[in-house]
Amino acid sequence: MDVFILLLTAAISSGTPLLFAVLGGILSEKAGVIHLGTEGIMLIGAVMSCIVFIETESLFVTFIACLLASGFLGLIHAFLSISLGANQIVSGLAITLFGTGLSAYLGKSVAGIALPVSVPKVELSWLEFIPVIGKVFSNLDLFIWMSIVLTIVLYLYMYKTSWGLHLKAVGDSPSTTDVMGISVTGFRYFHVIVGSMLMGLSGFYLIMAYSPNWIEGMTAGRGWIAIALIIFARWNPIYALFCAYFFGGLDALGFRIQLFEIPVPSYFLKMIPYFATIVVLMFVGWKNRNKPPIEPKSLGVPYFREQRF
Amino acid sequence: MNQKTSAEQAAVEIQGSKKKLELPFRLEYDPHKKSSSWFVPLLSILIALFICAVFIAIDGMNPITVYGKMLQGAFGSAFGISETLVKATPLLLCGLGVAIAYRISIWNIGAEGQFLLGAIGATAITIYFPNLPGIVYIPLMVIVGIVAGAVWGLLTALPRTYYQVNELITSLMLNYIALLLLDYFVFGPWRDPEGFNFPGTPMFLPSQLLATIGDTRLHIGVLFAIIAVVLFAFLILKTRWGYELRVLGANPSAAKYAGIKINKHILLVMMISGGMAGLAGMIEVSGVAGRLMYGISPGYGYTAIIVAWLARLNPWAMIVSSIFIGGLIVGGYSVQTIGLPSSMSLMLQGAILFCLIGGEMLSKFRVKK
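Residue numbers (the numbering used here), protein chains in the order written: chain A, 25 to 333; chain B, 2 to 370.
Simulated from the structure, these hints should not be mistaken for laboratory data.
Certain hints may be false.
[Claimed, not checked] One-sided and incomplete, this derived list gives chain A residues near chain B with beta-carbon spacing under 8 Å:
| no. | residue |
| --- | --- |
| 1 | Ser37 |
| 2 | Pro287 |
| 3 | Tyr291 |
| 4 | Tyr298 |
| 5 | Leu305 |
[As the list claims (entries may be wrong)] Here chain B is said to cover these stretches of chain A; the calculated rule only asks that three of the stretch's residues, wherever they fall, bring their Cβ under 8 Å from a Cβ of chain B:
| no. | stretch |
| --- | --- |
| 6 | 106-112 |
| 7 | 248-260 |
[Claimed, not checked] In silico lysine-lysine, DSS-like type, Cα no more than 25 Å apart, as pairs:
| no. | chain 1 | residue 1 | chain 2 | residue 2 |
| --- | --- | --- | --- | --- |
| 8 | A | Lys294 | A | Lys192 |
| 9 | A | Lys145 | A | Lys132 |
| 10 | A | Lys315 | B | Lys265 |
| 11 | B | Lys265 | B | Lys239 |
| 12 | B | Lys239 | A | Lys311 |
| 13 | A | Lys315 | B | Lys257 |
| 14 | B | Lys239 | A | Lys321 |
| 15 | A | Lys184 | A | Lys311 |
| 16 | A | Lys132 | B | Lys70 |
| 17 | B | Lys365 | A | Lys315 |
| 18 | A | Lys192 | A | Lys315 |
| 19 | A | Lys311 | B | Lys70 |
All residues carry an ideal CB built from backbone N, CA and C; glycine is no exception.
Only chain A is shown next, with the shape it has when bound in the complex (with noise of 0.2 Å):
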């Protein structure tokens, strides 16, 4: 029971980072942005976190910090994508390099510094009585507590209110949408920079929380790794968080097979999520094959007024 607890409360700690960014990722492709610039502002956001909280050590600070940072680039892929009609791969795949290497630079000052952090546990002990899942959420993190209320809001906002409804309609239809007097590129630059804010948020939890020292590269694909979630989420918040936690569970196991000292080399245990991913989406793919597409249909489609048929 003991290795059980330990094997959740770690997929559920190292599911979070991805969580926070395939929810930032489901936001931007239901209001039919591609987004693939998750690695980059994923670091960015780790790097902005790591420096201002050096600076200030003041969490609040340091969240705020990393959510402007984190939206600005954000804006600059909403505005080549939306405004500017850009083909949004290569725009994601901008945003992903561009992050790299400012993330690398700026990151130079503050590399291996260990971040003197504590993050606050929310402490919930009457939960204890219920057997192994009591155990483990007892003594959760606030950012994992918030990332658990932030999936069920965006699924009520997604699933249950009318901007949720129009937010599909975006994703879509936009030119049905724009007749219906709603404004498409307001609609679009929303939740792309929303989106990216929680992109932000994943690097935000990742150096807060999870390894509390900046390494360059330090979020190893994860970025990638939360764009295939959102195809295997179905851009479902809610199987969003398993999905998020099941990978999280793949990274863990793969480190901990390690302890049991099993004769098989570190480095292809560190492959486990990657093949995966692959492995994963091909089921997807298999099992979907006659069955018409989910996603948003003008996902990767710009739109201009001028030009709607």
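Place chain B on chain A using the hints.
Frame of chain A; chain B shown alone:
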């Protein structure tokens, strides 16, 4: 009195204009408009340099000094120029590889992994067949490098054609897997026992190295790259196959109705794409490093994306763009002497790509009176 009236008038005018916000001109988007061929890339490079200068200035450095240092390092000496060309070679090959995939809207960002597999494959020959006659090594390594890269490309293409898996994600995951594979070999079974714990294989034999030109590190791999450009230009611009690719890239559904076999093309193109990157990997281990080692690629596969876009997927223009980006990388190394990280060039590359696609799209807007 007069003054007051004019002020009042101005106020009324402002109010009026607020009510009916009408610009004297209108921006109209025209997706088919072609922009002037060299002007936009040049301007976007300049703007990108300016944006990064702001970051450098915020950091407390003089951007002109930094850029001067980069320029000096990349093109300021015979050594610098040969280094730049050495870097441009793998970029050109990988750039051609990704460009051919982009032509049919296959987003191969796995050139990095395909490059590494080419390097690993070529090295495997030197490790497992140490006693072959000297003359066969280079051709054999070239073939194995290309095949290894092509297989890695195929691993991206197969899930894409048969399971509708987005090739972006597969190719990127394969990059990380290739990187871990490289680490496994150079830290594990292939490590040079006399290498003082250096994570690399033993040095290659002279017969396993590409010949160099003169006293420089410039090697005949450059010729391979030039041949590849000529071949590529011929294939894409002059043959029926190249025309089919263009149709496929421009309008997949039209291509389908015209009887073009999409899946077959995707598989073939990804194999070519991977093979080019694999060749680049082989050239890098055999021409530059002389062994397989940790961190053999400073992200050539990713940088190749910019080389391809800067040249607008045109093979001839890619010669220029690869030399430019190669210079940027060499310049990036030279700023390390004044305490800046070499990843500066990565930041510049990202900014150039931003400005490039922004500028390209902006030039498609027409001002209408």
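Please list, smallest to largest, the hint numbers that this structure does not respect. Failing hints, ascending: 1, 2, 8, 9, 12, 14, 15, 17, 19.
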